[in-house]
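Peer 1: From first to last, the protein sequence lines stand for chains E and A.
Position 89 (the first sequence) corresponds to 91 in the working numbering; numbering is contiguous.
Position 376 (the second sequence) corresponds to 663 in the working numbering; numbering is contiguous.
No lab work stands behind these hints: they were computed from the structure.
You may find that some hints are simply not true.
To be verified - Below, a list of computed lysine-lysine pairs in the DSSO-like style, where the Cα atoms sit at most 27 Å apart:
hint : chain 1 : residue 1 : chain 2 : residue 2
1    : A       : K471      : E       : K61
2    : E       : K6        : A       : K471
3    : A       : K708      : A       : K449
4    : E       : K33       : A       : K784
5    : A       : K784      : E       : K85
6    : E       : K212      : E       : K235
Unchecked claim - Chain E regions said to be covered by chain A (calculated; three or more residues, Cβ under 8 Å):
hint : region
7    : 42-53
8    : 85-91
9    : 172-181
10   : 204-212
None of the values given here were measured: they were computed from a predicted structure.
Don't be surprised by glycine CBs; every beta carbon is placed ideally from N, CA and C.
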Amino acid sequence: MAAKTLTIDGTQISAENHITVLQAATEAGVKIPTLCHLEGVYDVGACRLCLVEVKGTAKLLPACTTRVYEGMEVATDSERLRKYRRMTLELLFAERNHVCAVCVSNGHCELQTLAYSLGMDHVRYDYCSPKWGVDATHRLFGMDHNRCILCTRCVRACWHIEGAGTKNVAGRGGKSMIITDLNEPWGNSETCTACGKCVSACPTGALSAKGSTVSEMQHDRSKLEFIVNAREKKQWSV
Amino acid sequence: MTLNDLHQTKEAEIAARKKIVLRCCQAAGCTSSDSKGVKERLEKAVAEAGLQNEVEVRGVGCMKLCCEGPLVQADPSDALYVKVTPDNAPAIVAALKGGRSTLAQADPHSPFFTLQQSIVLTNCGVIDPERIEAYIAADGYQALHEVLVEMTPKDVVDTIVKSGLRGRGGAGFPTGLKWGTVAKSPGVKKYIICNADEGDPGAFMDRSVLESDPHSILEGMAIAAYAVGADQGFIYVRAEYPLAISRLHNAIRQAKRVGLLGSGIFESPFNFTIDIRIGAGAFVCGEETALMASVEGKRGTPRPRPPFPAERGLWDCPTLINNVETFANIAPILRRGADWFAGIGTEKSKGTKVFALAGKIQNTGLIEVPMGTPLSTIVEHMGGGAPDGGRIKAVQTGGPSGGCIPRQHLDTPVDYESLTKLGSIMGSGGMIVMDETTRMVDVARFFMEFCMDESCGKCIPCRAGTVQMHHLLEKILARQATARDLAKLEELCDMVKNTSLCGLGQTAPNPVLSTLRFFRHEYEELLQPDPHGPRTPATPVPPLTAAN
C-alpha cells in the first residue's frame, strides 16, 4: 500500500508510506517537541523529547525514528509525556552552564523556547556547574562547550550536508564533547571549510558567529534547508 | 577434513593418552597466581621421577573453584590440590605413587562440584584449550558435520526452537526465534556475531568459557551460520581479556588449518570464516547496536531499534548476535537432541545457566546449575554461605542492570521469570553475594557510578540522569538528603527507565529500585528532616497550545 492511515491524538490522518511519525505529525499540524532533530540530516533519536505513546507498545517510541504503520494509534501529548519532557529539559539545564542572560542566543534559542513552551519554570536538580572551555581559535566562529547539549546536529550537518567530517564526538557520558578533527583547536583544522553549517545547525548558543554579542546570534536554518531541498527534492526556490 | 579424519584424530588422541593425568588450571584466575610456574615445575618433577611415559601434565581451562587457585587435579585418583605453589610440584608427583600427601586439598565431592550439571562447561578444566585435537577427542565438531551433511538449515533452526534455548546474554530472548528471523530475512550477505564483551562487575563466565573451550564457540557459530545462511562471523571480545583473545586466535588458526573453518567445510558447499574484533573498553559496546557500530569501526553508541539486527545489522545486512554462552550450548543440543535439552530446567527456562559466584561467599568461582535451582542452594550449599560465620543479606544478579534479592527470597528458583518478578534479571550470570556488613545504599551508589561512567552520552536521560541520580545517592549517604530528595530520586529512576535509548539507560535505575523495594528503611534512616516541611504536590503541566 502506498499510503497509511493512522491516528494521532485522536485525529485520523493519512501518511505516505515509510515516513516517520514526526513527519506525519508535522504534516497534520501536530507539534511534537524536538531538539536533536534537524531537517535535512538523518535522525538519531537521542534527545528523547519527541517520545510518543503508541497503542499496543509498552515502550515510549521516538517520533523521529519510528515509521508509521497502518492503524497506528499515537498519543503525542499526555500528562506522563509532559512530565518526562520537562524533566529532560531540567536535566539539560542542570548539566552544563546555560545562563540565558549572558548568552549570544538569548531569545533565539531552541532550548530556551522549549523550556518556555513546556512549562519548565525552574530546575529542581542541583546544577553541576562544570568548567568547560571555549574554543575561539577559528577566524569566523566560536564554540562554547558550556552551552552545548550534545545533540550532534553540528556533527551531522558537517558530515552529511557539507561532507567535511570536521566535527566529531569524543569521550563518553557527561564527559562527551564536540571536537574538531582529532581534538585540535578549531582554528588549526585543515578539514574545516569554514562553511558555517554547524553554526546554522546549532540549537543553542554553543556555536556562534564571531562578533555577535548577547541576544544577537540567530541561527539561519534556511541555508541548510535550501541546500538539502536542492539536492534531495531538486527544488531550487528559497 | 572428512568424518573419517575426525574419527581418526579422535582415536589417535585417545590412544596417546597416558594412565595418569595431572590437570593444571591455566585460565586467567590461576595464571595470575603463577599456575604457569606450577605447570612447568610439575613437568620437571615428572621428568625427574622418570614418569614421563605414565604421567601427562595437562594445562586445562577453568577448574571452577577459583578462590582456591592455582588448582591441580590428579586423574584418576581425584586428588584436588589447592593454592598450589611451584615448590609443591615434587610432593604432588610423589603422591602419585601412593604416598600420602600433606598438601592442602579440596574435596571434589563437595556440593560445590556435585550439584553442578555441565553442558556449557563440560570440557572446562578437562581438555587442553590450546589443542584442537583435544576438543575433537571430546566429540567436538561432530555436531557441525551432522548439521552440514544430514540437516537442512530449517532443520537446525527447528531443533533450536524445540530445545527451548533462550539467549544467555541477559534478556532471555528465544534463540530459535532469533535464528528463524535472521534465516528468513532477505539478503545475500548475512553475518554472525558472538558477543564476548562481558563487562558486568563480578562476572567472568564468558571469559572462562573462551579461555577453557574456545572451539565450542567456533562450532556453535559455524552451526548458526549454516542455519541462517551467513558466511562471515565476528567475535567481539573485550581487550581486557588478553588470554581469551590469544586462545581464540589460536583456535581459529587451528580450525582453518584442518579445514573446519574456511571454504568447503566437510567437503560441503558451506563456507565460513571468523574474525576477531577487540573492544576498546566501553561497557555500552555489549549492547548489540553499539557493538555493531564498533565492529564497523564507528563510535560505539547504540541506535534506536527497530530495525533490529536480524533485519538490518552489520553494514545493513541481516545479522545474528548471540552471547558466548548461547553459542556454547549449540553443539551439545545438536549432539544430544532438543528433547534432552528441553528436559533440563523449568517450563519456560530450559537447560543450565553458568554463574560467576563472587562477593562475600566462601566458595568463589564458576558454577553451572540447571535452571530452576533455588538461589539458596547456590549460595548456601554450593557457595558455602558467607565467610567468617556471617549471614547472607542479599544476592545481586544481573550486574548494573539487575537487582538485589533479599535473604527472605533466597528460596526463589533461578529462572528468567522468577528473577524478573523480584525486580532483578537473570543477566549474563554475575552473582554477587552480600553479607550483613554491606550497606545497600552503598551498593546502589556503586552501580549508579558504574552506569554514569559507562553511559555513552548519546541520549539525555542516561547521560544527565545517571549523574543526578548518583549525586542524590551521594547526598543520601552523606546524610544531607531529605525525603524530598528521595522522592526526586524515585522520580528520576522512573523517567530514566522509561525514556532512555538503550538497555544501559533503561536498566540503570534497577539497582536503586530493587534496593528501595526491599531495603527502603536503609535509605530512610539516612534522611534528614525537611526544613521546608512536607512536600506539596506538583502542579500539573499545561498542555501545548497554539500560543506557545
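Peer 1: Could you run down the list of hints and mark each one as holding or not?
Peer 2: Going down the list of hints, with the structure as the test:
no. : hint              : verdict
1   : A/K471 <-> E/K61  : holds, 26 Å
2   : E/K6 <-> A/K471   : holds, 25 Å
3   : A/K708 <-> A/K449 : holds, 25 Å
4   : E/K33 <-> A/K784  : holds, 25 Å
5   : A/K784 <-> E/K85  : holds, 14 Å
6   : E/K212 <-> E/K235 : violated, 33 Å
7   : 42-53             : holds (count 6)
8   : 85-91             : holds (count 5)
9   : 172-181           : holds (count 6)
10  : 204-212           : violated (count 0)
Comparing the model with each earlier hint shows violations of hints 6 and 10; every other hint is respected.
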